[in-house]
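Number of protein chains: 2
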Amino acid sequence: MYYPEMSKSELLSLKLDLENQYINFKEKDLNLNIARGKPSIEQINLSREMLDIIDSESSCVSENGLDCLNYGGIDGILEMKKIFSEILGIKQENIIVGGNSSLNMMFDTISCFMTSGNSTEKPWIEQKDIKFLCPCPGYDRHFSILEYFNIEPIIINMNEDGPDMDSVERLVHEDGSIKGIWCVPKYSNPQGYTYSDEVVRRFAKLHPKASDFRIFWDNAYAVHDLSETPTNLLNIMDECIKQGNEDLPIVFCSTSKITFPGAGVAALGASNNNINLLKKRYAVQTIGYDKVNQLRHAYFLKDYKNILKHMKKHREILKPKFDIVLKYLKENFNENKIASFTEPKGGYFVSVNVMNGCASRVVELCKNAGLILTNAGATFPKGKDKYNNNIRIAPSYPEKDELSLAMQLFCICVKLATIEKLLTS
Amino acid sequence: MYYPEMSKSELLSLKLDLENQYINFKEKDLNLNIARGKPSIEQINLSREMLDIIDSESSCVSENGLDCLNYGGIDGILEMKKIFSEILGIKQENIIVGGNSSLNMMFDTISCFMTSGNSTEKPWIEQKDIKFLCPCPGYDRHFSILEYFNIEPIIINMNEDGPDMDSVERLVHEDGSIKGIWCVPKYSNPQGYTYSDEVVRRFAKLHPKASDFRIFWDNAYAVHDLSETPTNLLNIMDECIKQGNEDLPIVFCSTSKITFPGAGVAALGASNNNINLLKKRYAVQTIGYDKVNQLRHAYFLKDYKNILKHMKKHREILKPKFDIVLKYLKENFNENKIASFTEPKGGYFVSVNVMNGCASRVVELCKNAGLILTNAGATFPKGKDKYNNNIRIAPSYPEKDELSLAMQLFCICVKLATIEKLLTS
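Taken in sequence, the protein lines are chains A and B. So the first sequence is numbered by this note's numbering: it starts at 1 and just counts up by one. So the second sequence is numbered by this note's numbering: it starts at 426 and just counts up by one.
Be aware that one or more of the hints could be misleading.
Computed footprint of chain A on chain B; a stretch qualifies when at least three of its residues, placed anywhere within it, have a C-beta under 8 Å from a C-beta of chain A [claimed, not checked]:
| no. | region |
| --- | --- |
| 1 | 461-472 |
| 2 | 569-580 |
| 3 | 653-660 |
| 4 | 714-727 |
Computed far set for chain B versus chain A, every beta-carbon distance over 10 Å [unchecked claim]:
| no. | residue |
| --- | --- |
| 5 | S434 |
| 6 | N495 |
| 7 | E511 |
| 8 | D533 |
| 9 | S602 |
| 10 | R627 |
| 11 | I666 |
| 12 | S681 |
| 13 | S696 |
| 14 | R740 |
| 15 | Y753 |
| 16 | N757 |
| 17 | F766 |
| 18 | E768 |
| 19 | S785 |
| 20 | K825 |
Beyond 10 Å from chain A on every Cβ pair, some chain B residues (computed) [said to hold, decoys possible]:
| no. | residue |
| --- | --- |
| 21 | Y428 |
| 22 | D477 |
| 23 | N731 |
| 24 | I797 |
Rather than coming from a laboratory, the hints here were simulated on the basis of the structure. Heads up, the beta-carbon is just placed ideally off N, CA and C, and yes, glycines get one too.
Pulled out of the complex, with its shape left as it was, chain A reads as follows (with noise of 0.2 Å):
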């Protein structure tokens, strides 16, 4: 039944029956965290083979002739880049292969605009109130990095087919002063929506008016598909070069949720002028990336065809673990209401909206019976979710039965705080 239209008596009852369930879950004293996209043991065991790839007898030089152990290289070695170039679709030439994280190169690249500009415009730092566009709910890190830089964050409605494309396309052509917009097209995080060809095309096609306005192409859910009928999505830098905008777009992914969260390897891949910039730029921060670690990241993964083999046996893990947290969901909220959710197929999240103003209840009534999730507010800039609404659920670190009843608790939790929400307004 509806919540909403239920009386008085009604709720109270089925409030002091929920309490009850909640205090019986409380006495578990459990210790569940359903918070962050983190692997799994089990997913990282996958790859552990990797460790035994190289050794003290492996000649560590690569393809053209880089001995890994020593200086040089800094953006990459060859056999990495091949792979990356498969991954994202975008030439060899054009990737440069870091360290262990995606993150950190859109930190760098940001960094980069910020302190020494493009050819053509001065550096961010000193065009003073530039803002970035925010596709909401989206991933909190990318915010944090805008607000550590005083970036103001503009926020835009996320569609089941990518941003809303008229705020986008409206925003960039009229205001010289949005730098650029967080996209992960992907399998987005939270909601694993993936981006309709027709959003791509609208990417590819902007013509911002700020000439140093980029697309921060965050790829991170790549191949992390949990369906075997892969959703598929538009090259956007094939789109962005028959648009004759190839400048536009700076693409990023990691090997972080295909190999070792701690250990991986990432690459981002742009146009030749978007790579002689930051190739200046990494030629002064560094003598190098871990070529050692990318070279045993080359052997273990070959190429893409055996990345998505790979894959398969991640999704094997992950799917499951999806089924049940979309099991209680359904079960819980189909007939009454009180919550809506997304059934993303691929990425590591759940989004799920409550009713407006219980999100940051519902948090905190789990974590007050041993249940961590990503704070309410999270996937908006400066965590302030307006509505206080949305919580991202991740379920891939838990074990099955512990996440059963992490979402047993959940569901209690939301029905909880929508019933004191309606008891109290």
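Guided by the hints, dock chain B onto chain A, whose structure is given.
Chain B alone, transformed into the frame defined by chain A:
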């Protein structure tokens, strides 16, 4: 005989002889390089067994329970903090362990002060026209960072006991636009000088006009002794703490020249205030550096005592190479005094001063005969050595017979360039 005292005809006859020797070298079609402080293959092989230490069976869990294969831990694993704490003589709570490059940590630190400033001062970029002191000759990559950020370098003379502290004190006390100084305090690059206790104490007693002035203490050669009686460097942090000046130094080092130049581990040590400022940045910049490589290093290096044992093996390879360089320099220049040179007790370089105006010609002559040297001027900011007389020799990479050849050729080129200069002036 001292060249400037020779007659023109004596010089001409000597030149003819040297030119014949030079042509003989040219005909050898050499391909030699003594430009960069790059460890040799033999040195790298000293650490190869580190590649066996972690394999698919390893737990990869750090002492404090962190799964090194997964996300987390932005400031590094406890094991490596302890090791760097011993190397740098700084409390482990005041250490951040990073990726594979200390240069990257220096760049990031300066980038942090550029855009964010510390708690009491505006970001450097907003203060405009800021300056750094550069003891010279010095390390080219330090100077490149200043160039990248448009920070004006001020050259400070290097004496055998460290930078000219009278100038440092005067400038730092008078000029609030001076924000930092680059120091390689032990076995300096390129002379191999170690700062005296007196110099370190004078650094610790500085009361800079700029409260955001920092000493960038690049302790790159902390354990890189060439002698069995290592030079002792006074602990800058201890001295600064005594003076209530603990925010002054930021200390850097890495294992690049202990284990693998291409896959080592870097760290910095600093006061609580500085660490907090930098951690705030790192928490936004990355989810964490490669902890598996940190663990690999911790298991291999074990502790300070074991590192010194390991460095003895490096010394056994490096010392004979420095001996070759010094043998040729002494044989060729001790009498005629047309070049002076340092005799380092550690580090990676020998600094040679030729006759004013001759360094670039020496480098050119060497290059034309197949020997690559560090560019003339590289040891000064913007690559400009106003006396054009300093040349850095890096003996580490070539085999000993190649190095002998290189030094023979080098000495011929120094003599030739000197005579050319004397004949035209």
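Output the indices of the hints that this structure fails to meet, ascending.
3, 6, 8, 12 and 22
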